[in-house]
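> Top line first, the protein sequences correspond to chains A and B.
For the first sequence, counting from 1, position 145 maps to 145 in the numbering used here; every step adds exactly one.
For the second sequence, counting from 1, position 114 maps to 114 in the numbering used here; every step adds exactly one.
Quick caveat, the hints were computed from the structure, so don't treat them as lab data.
Treat the hints with care, since some could be wrong.
35 Å max Cα-Cα, derived DSBU-like pairs, lysine-lysine [stated by the list, open to error]:
{"no.": "1", "chain 1": "A", "residue 1": "Lys-44", "chain 2": "B", "residue 2": "Lys-163"}
{"no.": "2", "chain 1": "A", "residue 1": "Lys-350", "chain 2": "A", "residue 2": "Lys-281"}
{"no.": "3", "chain 1": "B", "residue 1": "Lys-163", "chain 2": "A", "residue 2": "Lys-433"}
{"no.": "4", "chain 1": "B", "residue 1": "Lys-123", "chain 2": "A", "residue 2": "Lys-190"}
{"no.": "5", "chain 1": "B", "residue 1": "Lys-163", "chain 2": "A", "residue 2": "Lys-430"}
Now for the letters of each chain:
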Amino acid sequence: MDLLTTLETIIAELTLLQSEIAILSGAILLLVVGLFRPPTLVLKAIFGITLLAGFLLIGDHDGLVLNQFVQLDRQANIFKYLILASTLALLLFPSHRFQNVEYYFLLLSAVVGSFFMIDAHHLLITFLALELTSFASYILTNFRFRRSSFEASIKYLLLGAVSSAIMLYGISLLYGASGGFLLAHLPDSKLSIVGLLLFSVGVLFKTSVAPFHIWTPATYQETPTEVVAFFSVVPKVAGLILILHIQQALPESLQSDMILFWMGLALVTVVIGTFGAIYQKHATRLMAYGAIAHSGFLLPMVVLSTEMSFGAFVYYAVVYAVMNMGIFYFLSLHDQHQITELRDFGGYGKQYPWLGAAIVVVLIALTGLPPTAGFTAKLFLFSTVWSYFHTSGSLLILTYFVIGILSTGISLYYYLRIPYQYFLTDGRHKILKVSKVQIVLVTFFAVVLLLLFTRPDILGSFVVTYP
Amino acid sequence: MTPIDVAFFFFLIVTGLAGIGILLTRNVIHAAMLLVIVLLGVAGLYVLFRAEFAAVVQVLIYAGGIVVLIAFGVMLTNRPENGKLMTGNHLVLPALLVSSGLFYYLVQGIQLLDPIATQQVAKLPEDQVEYIGAAFMTDYIVAFELIAFILLVVLVGAAYLAKHHSRL
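For reference, chain B alone in the conformation it holds in the complex (with noise of 0.2 Å):
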């Protein structure tokens, strides 16, 4: 084992484990600390395998921004009495059932594929950052005017949507 792969595998568990957290946990605060553990598991695998400027986005809009959101959303919800917000599962054998069919046929599309991957992982050059921002203005044009609009669309409704709030 290259220590590449000890980090790799480390990554790996921490965030597997840490997604399984979520799963089992019923306390919203500490689901939502443990999405923080998950989210920077990802960002290390993606510093492994050279993405870094996927990386630091990771740790910036979703480690800094998202958890923060949602922490924020637990505050201000209406508390029950025992001061913490529980969540429960609904219908765990259908979902079961769906999920581990889903897996079986996962594991299986997975290994019949050899090797794993057929293509080789575009090497992207040293100056991340220049390259992704040129892609975003002549390849991915469309797209990303795409999501400029969607944000605005979504500002608009979420400001539409708060100021009525009073009303109800």
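Extracted from the complex, chain A is given alone in its bound form (with noise of 0.2 Å):
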């Protein structure tokens, strides 16, 4: 094929990806325009249109394009646009001074990382896709200018840049493994498993699973809210939708292997995230704790392939993202008015009544209880985990299915001691004002998570399956 023909097959393939080109080019407009110094609303409403037509521009196709680098695949596309609307949710959230021309270009561009990760198929997309989302991130954690988020963006920079050397290694044993950057063609070797071993380190470290969680803590600490809200979703869920790919793309013989190293992970992963949470006394820190036990939940649904594991995984990752957002929403409420610690939310529950009930919609969610849609995603998390024990009878799967039922009791302790200060305690020693629209958005939060409850059919008709 001469040079002319292949850059034609590029062109026509390249508006395939219109979607990622049109935030990218919406992030780069973002930087132009903010030479001008405009007023926030302005900068605001280049990101809302940016990613609404991100949302429309997301095409149907499946397969692998662009000389096998991207992977087109039309059942994640819900995921994109999950990650859209996890993204435009945080306008919602209330303005800070910091919100300036970088930090939408920073969020633009950390949604394009994780639409690559989600599209990557060659091994040298999936790096570069990763590496986007994380330095993105890294700066999005300094956004608060203080000396102690200066050294949790530092810690973070660092455990990341670690992490992607541990992957880069891995994916140079891989390349001599297979002789290529695809991971269909691995061989059933050791020197495989081992790269793939080293390889998963980046993307686990991304979806915050044990061993690899350790910055998620400092980092949700020092970073703004609605920032933290963005990254337990957004790069987590693409990070995810990555295993999957990765899972899916390899030989028969190493995914068994590699199911029961997930497994393993994902069982320390629920174990720690839960017994963290018990003695932590901010509630963001709290809330992280809680983000890595999920991890530990949402990681079995995209690597045991069974019948119903994907659609659990898409009930999941929507009701994951709908009770981030809430909570970390409510959160930042209190944030703007410095109540931060546990012991600091007393009282307010006087103040605010139908705020504290909201929210303890929302938090028995996170805890996976009925009446709320945490409990069916829980249930569906479950039954899956369970369907794959029958069929493969694996003692390690049985007791991700105890521990974790377990776990889910447990955490039940620590999501309510929010509720608990709120009503049960007396302090308010600082003044909390809530609006009255902020109360409602909180009240959405819950209604929505209750409404997928009674009647979770509903994400159904959003989720368009292709026979």
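These two chains come separately, so use the hints to put the complex back together.
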């Protein structure tokens, strides 16, 4: 094929990435407009319009394009919508003075990175997409410009750099084992397995799966709360889809080995997240450990390929995004009045009983109890795990099943500490002002969670199923 | 041993020794200078494997650019009283356990492969620069553009962080 026809194919195939290209162009436009120091409203408008454009331009092509570098997966499109919706929800959060051009630019670039994490097929793209998301995250961690946030951001950067280096080393071993950058061609050898384990470190770091979760609590504590909401949903969901695609691309003989690895880590993650949360005194830090535990719950559904695992993952991911947006929205309302430690939350239940009631619903959903969608999500998860246990009979899966249910029970204790402070203690050292609109928004998140419990099939109508 | 073999083992040993040196030295400047030797040694290996372009890039960007950046970083950092920037190692035992376990599996994995490489290394045409340039704009276009955007993000981030530095 001569150069001209190759270029024509590339131009034709690039249009399949129009959603990514739209967001990228929006990000660059934002930078250019930013030179003229426009009011924040203009920035927010460009940010919103870019995301909407990305929303509308998501295609429905299926298959490998651009010389097998990019894998378009119609089924995974729902997660692109989820990512865009979660990012758009950031506009609802209370305004801060640090919301400038760079802030919105970095958010958009992290979204582009996450999209490419979903699209990646070639290992080079996987690596670059992870790096793009990571670099944006390192800088976003620092937007409070305090000494402690500098520290958190440097720790995050160093740990992230090390995990990327390990990942690159893994990729080089995979290249040595298979003679290429495509996972499908891996032979069943020890070298492939060592390479895969090292390669997965980078992905597991982004999805904060133990033992690569160490950055999560410190970073979440110091990052602006709406960025935490972003971190806990967008890169995590994209990373999990990446794991799904990695698992699918592997030859069958390697898949079963890797399932043991993923499930072992998921088990450790659930335990560490649950027990780490018990001793926390800082509200965002508590939620960080909660998010770690949820990584452990999300991971099995992408690696165990049973009939219902993908549907269960879609449901859990959507519910997880709603829950996290809800709780971090609630925390950001308090955060702007310097209410961050758990004991600061005392007594506001009398002032804002409705807000307290709404957040109880969100927290019960995070725990995974009825009558909220969190329960249905956990139910789907555990039935997936159980049905896989039936076909495989693996003891590890059974252990995960038991430990998972037990830690759901334990998590009730720490999630309900905020309502406990809110309603049953009396503190109120600081002044809290919450507007009616903000209470309505928290209620909205709670209502969505109740609605998804009573009518789980609502989601089904959004998930376009392809034959 | 052919002269190529002699050169190969020479570069290999120099790179390895300098790498171990980086681990053992506590002075950051010494580590940076040893890093230059490692990078040049790898560049030598590239030349032996006929990847001239990679070798030139290695010398220009890594040995020339990155190490100079590290040296600048050390010079601009606040010094302790004796004027030397020292580092230390923590958690030596766990690190030793993890890395020796990994090393064991790597050796096993490589030994089991016979022959080690199953595929012929693709022969690059005479004019490597033209070939690589064309590959960037055709096969690797997505990766190329992504890297460009990553650089933009990093640039924006660096400028932003530097601008706000004085407030601390």
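> Determine for every hint whether it applies to the structure shown.
Comparing the hints with the structure gives:
no., hint, result
1, Lys-44/A - Lys-163/B, "holds, 22 Å"
2, Lys-350/A - Lys-281/A, "holds, 22 Å"
3, Lys-163/B - Lys-433/A, "holds, 33 Å"
4, Lys-123/B - Lys-190/A, "holds, 28 Å"
5, Lys-163/B - Lys-430/A, "holds, 33 Å"
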